[in-house]
Amino acid sequence: MIPEPTLSHLKDRIAAADHPRELVVDVMFALQEHYGYLSDEAVETTGALLGMSPLQVEELATFYTFLYREPVGRYVIHLCDSVICWLDGAESLRDHLCRKLKIEMGRTTPDGLFTLLPVCCIGYCDRSPAMLVNRKVYGPLTPEKVDELLEKLKQESE
Amino acid sequence: MSSQETKKYPSVLLQNRHPDRIATLDEYRRSGGYEGLTALLGAGNPKQAQQVLLDANLLGRGGAAFPAGKKMMTIAENAPFPRYVVCNADEMEPGTFKDRVLIFADPHQLIEGIVIAGYAARASHGIIFIRPEYEQAARIMEREIEVARSEGLVGRNILQSGYDMEIVVHRSGGRYICGEATAQINALMGVRPNPKQPPPYPTTKGLWQRPTVVQNVETLCCMPHILRNGAQWFGSLALTENGAGTKVFCVSGRVERPGCYELPMGVPLKEIVEVHAGGIKNGGRFKACLPGGASTAFVPARLYDIPMDYESLKQEGFRLGTAAVMVFDHSDCLVDATVNLLDFFARESCGWCTPCRDGLPYIRDLMKRVEAGRGSTETIEKIETMCRHMWSAYCAFAPGAVSPVQGLMAEFKDEVMAHVEQGGCPFK
Amino acid sequence: MPKLIIDDISVAVPEGTKVIEAAEQVGIHIPRFCYHPALGSVGACRVCAVKFLQGPFKGVQMSCMIEAADGMVVSTTDPEAVDFRRHVIEWLMINHPHDCPVCDEGGHCLLQDMTVSGGHGMRRYQGKKRTYLDQDLGPLVQHEMNRCIQCYRCSRFYQEYAGYRDLGVMGIASRVYYGRFGPGTLKSPFSGNLIDICPTGVYTDRPSRYKGRRWDYERTPSVCIHCCLGCRITVNVRYREVVRIEARYSPTVNGHFICDRGRYGFFYASSDRRPRKARSGGAETRPKNARDEAAHRLEEITARHGSGSVAVVGGSRSTLETLAAERRICRQLGWQGPSLFTGTEESAAARRAAGHLTTDLAVSLEALKNADLILVAGADPINEAPMAALAIRQAARNGAHIEVIDPRPVTLPLEYVHRPAGTDKISEILRGLGKPSTEDASGDIQDLAARLDQSRRPVVVCGAGKIASERTVEQAARLARNLRRAGKKAGLFFVMTGANTFAACRMAGDPADLETLLLMIEDGKVRALVVVEADPMSEYPDLARLVDALAKLDLMVVLDCIDTETARAAHVFFPTQTFFETGGTLINNEARIQQARPAFAGGTPISQTGGGSHPPRVFRDDIPGTEALSAGQLLMDIVSALSGGISRSVEEFDGVAPEFSGFDPVEATGERGTWAKLPLRTAAGPDSPQMGGETPIKKGELLLVESVYGTEALSRSSPWLQELESEPALTLHPEDASRWGLQHGDRCELSTEAGALTVPVHTSRSTAPGTLVLPRHRRLRWQVFQHFRSGLDTVRIRKTGGEGA
Ligand SMILES: Cc1cc2nc3c(=O)[nH]c(=O)nc-3n(C[C@H](O)[C@H](O)[C@H](O)COP(=O)(O)O)c2cc1C
Ligand code: SF4
Ligand code: FES
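Protein chains in written order, with my numbering: chain A, 59 to 216; chain B, 41 to 468; chain C, 22 to 826.
In short, the hints are calculated from the structure, not lab data. The structure presented is a predicted model; accordingly, all values stated were derived computationally and were not measured. Ideal Cβ positions, reconstructed from N, Cα and C, are used throughout, including at glycine. Careful, some of the hints might be misleading.
Unchecked claim - From the structure, some residues in chain A lie toward chain C, with a derived Cβ separation under 10 Å:
1. Ser-97
2. Asp-98
3. Val-101
4. Pro-112
5. Thr-120
Claimed, not checked - Quick look at which bits of chain A chain B covers, simulated, 3 or more residues with Cβ under 8 Å:
6. 60-67
7. 79-91
8. 134-145
9. 172-181
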């Protein structure tokens, strides 16, 4: 269940909106924040809050990159694979991450800490190769910097 | 080329840029900020603002280069209210990061631009549509909008003029197509962000079926300066006859100093690369660049001296796009790079129309075969035909997607054929 | 009228016509997938590309997206356009599973046609195919996503056109997926149309799965008989079995679509429980024996008690031919009836409606879409005449204001204003609105009156039968006529109770209804009943009384094509042919005459006679199960065996039904049907004196109503539709519920002097206070009431289960 303050905050915003539906992405993000991903329940709650059917919410949830309809790890790593990062070695960085985390792209580590996803150009081509961890940007990256970061995140999570 | 002395150009949009913080409202004001708006509201003539923007030849900086003044003028006098200004801060064109830099440098410049555009269009709502990767920028904008509000620059009765405009930040869920204006309007309304072919145009029936002006961040950022200094001044900033204003070039790839450089419209490509971005990295040779993001065609070294403005590129059959200059050197396989670009487009297609949704994966598959040395002249013919047909897709996405492919075929056919003839990539 | 040239042919078309439509007018069928005349253009598939040579557009463009304009020169055969279309098809096919051999769409698949005609004959793509998992969409529609070509027709139909929200489009790029949030039965009663509009085999007809190919079927144009609207259908028969119904385009009745009741209600025709043999005294007998026996006993009874001691009971699922035969027989032999309605009030309301429908006021289903204001009074479109709801939705999409005045919790897939008024209030409100000046309108309807005043094309949709009373009908007609007098293009649309109710209104004799006839049975005046295609025992509200009365009869002869309680109680029973076998004439709610030819010769399906082997290896010289005749013919046969009987062909009904006779049979079987000879205008006199006032409701009333599945006589035996039925419940306003200590979800017992039944309780705020609503559902033993509308002073309500029970 979603905590009451979160819910009532959303309800207030929806009540104040000229067109409730314009908030659908915000509502999905808020519920994703709570569940860790956009669970079925979150889709249903979003629909109930905005007067949409779950399917209508799903039509949007499955469109966008940053809405996760499956459980993800505590840290979602989005590794940019578009052209500039690719020029600057995104592929070997990807291999490095996969090796290090012992998972394939698209997977989550068994400890539930990291999810590894490819993403298209994140607008940090001046800092390539770059990646996002929970939407915070890191770059230019080297394997060493990646290792350091992973280590730091692991420690933070303890 | 490093011997060439660095020319000093006026800095307009990035004049208040600091390495690690935003410019405050005070700083912005000290540089003349909100003077344009004050004068505009004082004169009380929205039409005049439209005219100034038109005279200034301010072309949309989001890629399509449509004249901003003309766009506003398409709103009928008696068109219904409320009207909307949408600030397109989606910036998902690969290689492009100027809008982020502009927001981080001087958020009030954008706020003033939105209010000016709003007044010119007689709009009461401004919405900043921003990509999720730019969460920090979204927060900056939210905070600075409140600052502006407390100073009477946004909200009710702006600068005691009687004009009201609210500005809100709308976060996207993240998809390239959301940058396309009509798709963005759908996204804002909470429906699937497929584009919507005009007519009706957004300025007639846009957001919530009301007149809506969609404008790129950089376009909006130019507006305060135009209103303060005049159309003529704006024109004089450019190095070329046809150009107007400055342009924020995002330089990336094989250069020493990737980054955003505000330079006069019409500055030669060579100067951008060699002087401002510090030249090709590791002593490499310039081979080609994508001049305006991933949906433009490769500009070959023979055009290294080309003046970078919309018109000059157009005359050579290219597009300035977002002016995201992505540089490749002699060691880069452009076929391979094109496969990467196709990966991007095939993944980001909105899935609405057949050519884009199914044709792009097809072209990618063919291109991969060529890259891997398994292509033939027939494969290449197929690619070329399909690319041609891609121009009959529903929106500008698909033509953009095949632009680099078509550029590759036009300018680097030898390199493509080398893959076929050698049965593999000559660069590996 | 813009004039343009398409492939060297010059054509002038109305303003706003798309080039693809203009081409059709000169016989050029431009390929299309996403374009559909009912759904409009969206430009998604890109297969309708043509080349514009001259005029405002140039080059390869989509013909569905561009309106015809003066000076256009268009080529559909230009090599560039042809090559582009070929590529579009090739792209669409890259992920297609090529499973045509096992696909039920095979043979009538637009994608197959386009692939061949588009010139994409060879697979060139060597990459991997993307595959999907399918969903279970319920008993009607089979899902096979791999065949999808992403034309968006299904989601556009389902959500935009029909207004339901549980099927749509998900995903992005080359992973666009059409389906539901999760597997589960589609909620729309129009879901079957997905099958018709899908240009390939993503949605196929589930009940007929693997039963045959299109070309294997005997396909016959016909008319739907599951409600009063008479939508046009195509009947598909194979091996003596009706296997599938499809919507058939009609420009004036149903457009392109039909409802699921109409599509899947046909099971009765091929059911293994369908009676195939004549019976006498419960034992099977030869038809001739049965006929002789019936004739003999009828003769005996009339000899002893006079000709008025025999009565005919019929109903509105009979063809005009059968009804006419009933009427002729009753008239000529002096029999009572035919009684074609169940209740007195119902009969009065229906007949008044039929009397009021004039040519200038009658609106077709298609024309209903053009209304700018629709007032629904005493009608529940989704449950009574589903396609009317779809038409009303189209009007709403075009900006019409929709208002419903009804005591039931009417739900429509659109935005509307609902005034939950008791049945007695409906006519009052209409009366208020019908006053010449809106100033007279009482306070709460001022607003509606003003809207009516503003409207230009208002239509009054009014029930006419079990719920909406004669008075309501009268006021609805009056209102419509007043609006017309006020210079509006006003219309009147009655929702009647059965497929042929309009005909029944004119064919009913005296007594016109069973309720009156019952009195005559009870006092011994009527001794014999001939029941034709009707089932009083599951239709009459007071079963106990009916059973007692029937027990007094000397003879009950029943003619029917379905196995009913009444049929089982008959002394002599005759199996009849279904509408699929007889064809015949139906008059729909707008007095449109529609005629269908027989769809097949009849007989027991081979699947039942073949003992599992196929083809059947038993050889015989007749077709098993063809003993049945049309009810009208049978009736004629029986009476012709009577001395003084009549013998005339069933097809001739001019003597008894002048307004329905003399029509052109070609027209009647055509797309539009033809027209009954209605009075052009009926004088709008004062309330006819013989019409009693509305029964005042003191303590409220209980209404016995229809539901989309489970109440209509024929479709309710369909096993697929039975799966879709929701559990029948008593619905009432929550405040009324609390008066009896009831809550949503409880169970309660309803009892009257005639008996009792137990049902779940539903509460709904859109039910009129004081009104209880109970469906006449096959799963309920609901016949414990005196009338279809019972005063609550005659009903006791007691909670029997639920919280705190
Ligand atoms: C596929 C596609 C993606 C686009 N993405 C962006 C974008 O991210 N930012 C942007 O400003 N314009 C983008 N555009 C251009 C917009 O459609 C529109 O022209 C622009 O926002 C108008 O603003 P401007 O005239 O100020 O450039 C895109 C166009 C297409 C076809
Ligand atoms: S071209 Fe691509 S992005 Fe544009 S509508 Fe078609 S599928 Fe969508
Ligand atoms: S029919 Fe015209 S684009 Fe599909």
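Results for each hint:
1. Ser-97: Nearest chain C Cβ about 13 Å off; hint violated.
2. Asp-98: This hint holds: Asp-98 (chain A) lies near chain C, its Cβ roughly 8 Å from the closest one there, short of 10 Å.
3. Val-101: Holds, because the Cβ-Cβ distance from Val-101 (chain A) to chain C comes to roughly 7 Å (cut-off 10 Å).
4. Pro-112: Nearest chain C Cβ about 4 Å off; hint holds.
5. Thr-120: holds (4 Å)
6. 60-67: Since three or more residues must qualify, the claim that chain B covers the region 60-67 of chain A is violated, with 0 doing so at under 8 Å.
7. 79-91: holds (count 8)
8. 134-145: holds (count 6)
9. 172-181: holds (count 4)
Hints 1 and 6, counting from the list given before, are not met by this structure.
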